[in-house]
Each structure stands twice: as structure tokens, then as C-alpha cells.
Amino acid sequence: MGNVIAFRSKDFVKWADGVLEGVLRRSPVGSGVDYLTKDFFNWATRNSIYPLHFGIMCCALEMAVASAPRFDAQRFGVIYRSTPRQCDVLLVNGPVSKKLKPALRRLYDQMPGPKWVIAMGECAISGGPFYNSYSVVPGVDQFIPVDIYIPGCPARPEALIDGFIKLQKMIKESKKGLLTGK
Amino acid sequence: MWINMGPQHPMTHGLWNLRIKVDGETIVDAEPEVGYLHRGIEKLCENRTYTQIIPIADRLCYGSSLTWSHLYCMTVEDLMGLEVPPRAEYVRVASIEMQRIASHLMWLAAYAADLGAMIGFIYTMRDREVFIDLLQALTGSRITYNFPRIGGVAHDIPPNFERDSLRACAYMEKKLKEYEDLFDGSKVFMMRNQGVGVLRKEDAMNLGVTGPPLRACGVKYDLRKDMPYSVYPEMDFEPATHPDCDCYARYRVRMDEMYESCKIIRQAVQKMPKGKWRIVAPRNAPARTGLGRVEDPRGEGMMYVVGDGTDRPYRLKIRSPIFVTVSAAKKMLVGYKVADVVAIMGGLDMCIGEADR
Amino acid sequence: MGERGTRFLPEGMERPASRIDDVPEEKVIRSLLDSFPSTVTDFKKLGKGVVRARIERRDLYRCCKFLRDQLGFEHLSMISAVEYDKRFEIVYHISCYGSCLLLELITSTPKDDPSVDSVASIWGGANWQERESYDLMGIKFNNHPKLERILLPKDTLYHPLRKDFKGGG
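Residue numbers (this note's numbering), protein chains in the order written: chain A, 1 to 182; chain B, 1001 to 1357; chain C, 2001 to 2169.
Treat the hints as calculated values from the structure; they're not laboratory data. It should be emphasised that the depicted structure is a prediction, and the values quoted were computed from it without experimental measurement. Glycine is no exception: its CB is placed at the ideal position from the N, C-alpha and C atoms. There is no bait here: all hints are sound.
Which chain B residues stay away from chain A? Per the calculated CB distances, all over 10 Å, these: (1) T1051; (2) K1174; (3) A1240; (4) A1287; (5) Y1314; (6) V1342.
In silico PhoX-like cross-links for lysine-lysine, where the CA-CA straight-line distance does not exceed 25 Å: (7) K1330/B with K2154/C; (8) K1220/B with K2027/C; (9) K1225/B with K2027/C; (10) K1021/B with K1330/B; (11) K1225/B with K2045/C; (12) K2065/C with K1201/B; (13) K1021/B with K2146/C; (14) K2154/C with K98/A; (15) K2146/C with K1330/B; (16) K2146/C with K1331/B; (17) K2048/C with K1225/B; (18) K101/A with K2154/C; (19) K98/A with K2166/C.
The following block holds chain A by itself, in its conformation from the complex (with noise of 0.2 Å):
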């Protein structure tokens, strides 16, 4: 019992985990409670999507159009937030220069999981009009993984509310279990 009462924090924090994942994630209880909220969480998570704030170029004015009052895309529950740990989606939406490239794979890494990557328009796709010149990465899935691609040049407002909706329809397909993962 003395164990218990004069913890360390980092030893509180492996005792946490251990519980965690011996009774929740490995043991049926785990397997259970995923299964009544899976449905639950997955809807609350495809219809709170939170890209994050951050244009490149000429995609950006359409994507910032896309939350203004003609297209809206705020009534599918997309909100822009500011910093990466509170985002669920990478909106690449320009040419990715090469002293840009370690800033963007940095962002990448610090949002946290569940976590998307949209290519918006041509340049973020395969370098666009730009694509042999010597200061442009071709193509944003060069070195992040992406899920969604929207072409355009720029891309309509209306086609980035459609990749929206497209990946919402891919969250719903691929339900995962927040606690084992499956």
C-alpha cells in the first residue's frame, strides 16, 4: 500500500498505462465499451472537422472563401483553429517550397491522432504550373501521407466543401474503436 500512496509521477504514469492497457485495451472490457460508442464517437468525429489555419497561396483565398457566408462550409462543423494540437486536418492547399518542407513535415508531427492530410489544388497535388522548377517539392505526398486529393487550379470552393464531405464518408467507412484501435 506504501507503493501506492508515495508514487513519483513518472511512476504514476507507467502504473496508469499498465492498468490501461492490461484492463481496457487487451481484456474484453475494452473490446465492450468500444463497441457501444464506437458509432458515437466516429459521428462526432466526422462532423467536427478542424483543419488548420494555414494558406499557402492562391487556394487559400478560395479555401478562405469556403467559410465565408456564400459557401459556408461552417454548417458541416468545420472550424479553423489556430495551432496544430487542436486540428484533425492538414489542408496542404499550395506549392511546397524546399525551405518549407521541414516546417510542414513539423506541423504534420505535432497534431495528434486521428489525423488527415488534404491536397488542395494542383500544387499540393503534383507541383501544378510550378512542377520543374528548382525550389518545388512536386507534389505534398512526397514526404506526408495524404488521403484526399482535390484538383483544381484554383480549386472551386464548392470542390473543397465536396472533399470535406468525401472525407467525412471516409471516416464513416473506416470505423476504428477509440480504446483497441480496431
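Following the hints, position chains B and C against chain A.
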């Protein structure tokens, strides 16, 4: 202590990094860092034909892309010694002024959102759609148009364009009065703007600052009036200036410019002559140099092209107003607080696409 | 720009007062010829209010100081660098607000020694433009306060706009 603001920051006027040295909350030194959007356009242009560069020139500054493709076409027409038909000149002027209003409205939307007046974002984006619809009817696209050609414009104006433009101008002038009430009547907006980011007249001229920040220091210099190009000598308008050199003056200059642009659009669509809208340009350019200068919504844009007898330019140099204005950031930021960075840098209307090329 | 600009100038249009009156372009050419007789050559009037001149690089700093202080050219618009077969040419576009003039000043350097004096202490706006010419074309500017790369990452080894760089475009 040096703080990095960027390259990802919620004050999303482009992709750049501002390093500021702070002592408590006061800024002691500042060093902007650009280059995150460098695409090597000047090298790309050496391997494209003259017509293939027009869409690339659009993507230089995507906030006002018609201005840049027109500037490019004017430069190549100077190189080749071409005479553009008058109807094309009037269509160019009308579309450039519509693009100027759309660009200033986009600036106002982002500026208001950054200063906390989210209502400004909602209203101005809605009204910007009026002009984007007009430009879409004229050119076929929403932001990067690929509309001008070397020797004129791509096609003629659509039916009912004159009626729709006049309606849009009347609507815009009413709305501008509403915005003035909204922003000038807001105590917080005025406190965050008046007396903030002062740039003296001599510093502005020496540091190469052009456009609305220069006219907000009291210098009455507008390329459309002082070194006119196209059919601007036949338009009746006044360049907008303001004697204080702070953020409020820059905001005021841009609002006045929107009024003047409505006046110019009215005159351009009503005085438009009949005739051809395009002449066929030769494929190869002579071995000479050409120079073009234009009053961009952000300042003085220039292009210098060197031809060598083939159908590709030998060298294309682009002067971006924002590249030079951002280098003057240090003068405007030192002595103010960290919270003023948003108002000062937002008031410069930065579109980093043209700075980095 | 170009000769066609003259047809649109209305009759009796007033020029704002400045240190240069009468025919402004001729006044500028005459002052430059008087002060720098051997180094400034090859004058050409390119259009209404635009004059081109060539200058040798050893007199560039003195001439720019003369332009700013004596002739009232307050604004440096653009610094371009062009590479030809046997030389580099650096083109300065300097404008005067008072009399609405643009002066195109061209200086050349040999291929193996691309360096000129920096004018960043005369016009502050030249600072970043010279850094950009150094970054992309490799022209060295003597006495520049901070000649570093600005658009490309700091550890890049090449100068992309040179004709022997085949990497882009």
C-alpha cells in the same frame, strides 16, 4: 529575446516569418524572413513562350492577379512595339479597377478578422462576391483569370456587362458608407489603429515604400495619374491621400481608393468604343528590352524583359511592391507592443506570392 | 510607356514644381554629362519621361549620391541583374517623384568579377533588392550591411538564375 511569428500563424496574410526581439511587451528589433513561397518563376519564364507565361504571371500575386498579367502583357507589348486597340484598353481598365475593389475588400476582410471584428469579414466577403461574379462572367474564372493577351484581351465583354457593372458600383458605394459607420464607430478599432505604426514621409520615400502606405504619409503620387499608361489620362479621378502616417491613414486611403475605382469603372464601361478587342502579336520578339509599370493595389509593380529574337524571353525581372515594403517593417514596428504587430503588418496588405516569386 | 503615351497627354497639363524645370529629360542628361563626363555615356530617350544611360562601375556610388542629393531622385524602383555572354549587366531604375521621371542606369561588370558598390546607404530600398540579386545571380555588392541569402535556404550552394545552372524551368 527573439520570438518567431510564423511561418504558420493565424494572421494569415501569406507565408512568411517575422522575428521580433522583445523586451517585455515592447518590440526592440524586427527582422522579417521571406522565401517560403519561392517558386523560381524568373527561371521558369526563360523556358516558356511569351503566351505561356500569362497564367504564371497571374499566380504572382493571387489577390490581384489581373493587374500582374496586364503588367506582363504591357511589358511585352512595349518590347514588341505593339499598339493595343482602344476597346481592349477600356476593357482592361474596367477589369483592373474591379480587381482593385475585390483585392481591397479581401484585405479589409482579413484585417477586420485579425483585429477581432469578425463581422467585418462576413460582410466584406459577401460583397466581394458581387465583383467576383462580374469577373467570372467576363473571364470565366474566379481568381486567376488568364484573361489578357499580348495585343489585347482574350474575348469581348458578355451581354449586359454594362448594366451589371453600373448596378454593382451603385451597390458598392452604398455598402462602403455602411463599412465606414461600422469601423469608424467602433472604439476598439480606432484605438488599435490611430497612432500605431507611424512611418515618416522621408523614411517612406527612401525605403522604397509605394502604394497606399506611401499615400498615407501624404505623398500624392499615383502612377495612374503621374506617369499614366493605357487610357487612364481620359479617366477623371483623384488619387487618395491622408496626412497622418499611421494604420488608420492606410485604412482610410484604401477605402477612398474603392470610391475612386467605382468612378473609374462607370466611366470606362460608358465610354467604351466599338471595335476589335485583340490584334495578333508576332511569335518572336526583337532583341531589345521592354519595361512596364503599373499601379498595383499594393504599390508600384514593374517588369523588365529582355528579348533575344526567339519566342522565349532571355530574362524577365519582376519588381514586387510588397518585397520592398516588408523590408521597411523594422521602421514601423520598433517601439510598439507585440499586440500591435497584427495591425501594423495587416495594414500593409501583404501578398507574399509576389514577394517571393 | 513608349511613344504612344504622348498622344494622350492633355494640353496644358501642369507639372508639379521641382528642381528640374523646362524639358526635364534634357536637364537630367545635361547635368549628368557635366558632372561625369567620361563615365556616363550612351544616352537614349526611351519614351515620355524615361531616359537610359550607361555608367562605368567605378563611378556608380558617386553618381547615385549625386542623383539623390542634387537632382532629387528620391526613389529607387528596381535593381535587375542580367547575364550576357561576356558580362553581367546591372540595371538600376531610379525615379523622381517631383518631376515624374524614370532613369534607367546600366552598369556592366566582367564575367569573372561580378561585383559593384552597394547603394544601400543611399536608398534604403536597395537593401533587400541587392540581397536578392546576390542570392539568385551571385552579384557581390561591396559594403552591403548584410549580404546574405534571402529567398533560397541559407545553405544553398548554387545561384539559380545563372545561364549555366540547368536545374529549373
